[in-house]
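> All chains, please: the whole structure from these sequences, using the hints.
Protein chains in written order, with full-length UniProt numbering: chain A, 1 to 159; chain B, 1 to 159; chain C, 1 to 159.
Simulated from the structure, these hints should not be mistaken for laboratory data. Even for Gly, the Cβ is constructed at its ideal location relative to N, Cα and C. Incorrect hints may appear among the rest.
[Stated by the list, open to error] If you anchor each label on the Cβ, the simulated ranges turn out as follows:
id : chain 1 : residue 1 : chain 2 : residue 2 : range
1  : A       : G135      : C       : W157      : 18 to 28 Å
2  : B       : E74       : A       : E103      : 40 to 50 Å
3  : A       : G58       : C       : F146      : 44 to 54 Å
4  : A       : E103      : C       : E103      : 25 to 35 Å
5  : B       : L159      : C       : F57       : 40 to 50 Å
6  : B       : R112      : A       : W157      : 32 to 42 Å
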Amino acid sequence: RAEMAKAVAQLIDNEVFRAFATYAAIVLLKMMLMSLITAYFRITRKAFVNPEDTASFGKGESAKKYLRTDPDVERARRGHLNDLENIVPFVGIGLLYALSGPELSTALLHFRIFAAARIFHTFAYLMPLPQPGRGLSWAVGYSVTFSMAYRVLKTAWLL
Amino acid sequence: RAEMAKAVAQLIDNEVFRAFATYAAIVLLKMMLMSLITAYFRITRKAFVNPEDTASFGKGESAKKYLRTDPDVERARRGHLNDLENIVPFVGIGLLYALSGPELSTALLHFRIFAAARIFHTFAYLMPLPQPGRGLSWAVGYSVTFSMAYRVLKTAWLL
Amino acid sequence: RAEMAKAVAQLIDNEVFRAFATYAAIVLLKMMLMSLITAYFRITRKAFVNPEDTASFGKGESAKKYLRTDPDVERARRGHLNDLENIVPFVGIGLLYALSGPELSTALLHFRIFAAARIFHTFAYLMPLPQPGRGLSWAVGYSVTFSMAYRVLKTAWLL
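So this is what it looks like as structure tokens:
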């Protein structure tokens, strides 16, 4: 049992793995924040999708008018979906990358650029900034994940 | 090679990791179940989105009328998306949390509350239960993931 | 520190884990490819959703007409969402499965069938192929993930 605990301890003591854990938690929390932003817009814009969510506004027609879409709500939802499409591959591929034994400085470079790009992407989407701001930040994050995947495949390749 | 196999065996023999593996598999299977529920509603309500899915109902207009949205189908799809938004961060952060060396009892408490909250959330969404049932179960799961992320960041912090 | 590095090296040297890393990276890259396919259809069909994305087409009404949905764009988006719903559970459960000590040949069988099924699913969705082509490839991938989850739960079970 002592040995088992040690094996786990070794993993979390590995500096590249610690860096990955830190950045993975940060970008996943950022993604979770989109739920709160969507909820904020739903409540302030009074734009809901489930009838049971508008019951507190009264019965019948008076509540029904709040079952509608709102541009700000939809924008936050698109930002959330874009996070799912990009942050989830980062976490999956990043974990394998962290276990592939990269240099700490190279790994940190990947993680830092990705996190910065995705945080900028959220601002660019929500404000919104004129293009190509959002497009470029998306492409930067995408490229970082691609670069990590390349190393994973080069190191682990077993088809 | 024997040593390598041992390192893997050590991980799966670690009790916190075993508990994580059990609950992660359970909530991911629960999320996958949403596909079957959506398919069930699509077939029983005859509400499809792809023209090739309605080809067996005949050709032309007779099949075209089944290309429509249905409230039950849309509700199941929203439940599925909500699972993606919440269960995926739980699995990612929970893995790092399990490797951060928490007490078994504390870890089990986190995993059990999260799984119970998300199973309740699905029932609350599909029946549907009046609010704040669904909202509260969402908030409980969200808080559990947040609590695990806090420990991951405190243990692993390397920016 | 040398020991820590070794523990990580042991994981990536494990053949089942290497096979998992290879296939997980492949299917995650395939999922990421859906972003490029959606972007391709958005640009060639001139069908956008964010006003700031059409600014380069001019101002006012001349740009506004490109804020519309297009069947090919929506089809690519549905394929992307289906990937999220199916590839993400594969990666999560597959990681735990790879750590549960399966035979290399059995593990490779699971990974290969899943990857082939999901690549076929994308072709079936985008062309589109007549049903039940897409439905069957979905069911094959789903069953593989289910089979891996069964082994994870049997090996790790700690509730």
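> Honestly, do L159(B) and F57(C) meet the 40 to 50 Å range at C-beta?
holds (41 Å)
> For the pair E74(B) and E103(A), does the Cβ-Cβ distance stay inside 40 to 50 Å?
holds (48 Å)
> Could you tell me whether the CB distance from G58(A) to F146(C) stays inside 44 to 54 Å?
Holds - the Cβ-Cβ distance for G58(A) and F146(C), about 45 Å, lies within 44 to 54 Å.
> How does the Cβ-Cβ distance of E103(A) and E103(C) compare with 25 to 35 Å: does it lie in that range?
Given about 34 Å between the Cβ atoms, the range holds.
> Determine whether the Cβ-Cβ distance between G135(A) and W157(C) falls within the hinted range of 18 to 28 Å.
Given a distance of about 47 Å, which is not inside 18 to 28 Å, the answer is violated.
> Given the hint of 32 to 42 Å, check if R112(B) and W157(A) actually sit that far apart at their C-beta atoms.
holds (39 Å)
In this structure, only the earlier hint numbered 1 is contradicted, and the remaining ones agree with it.
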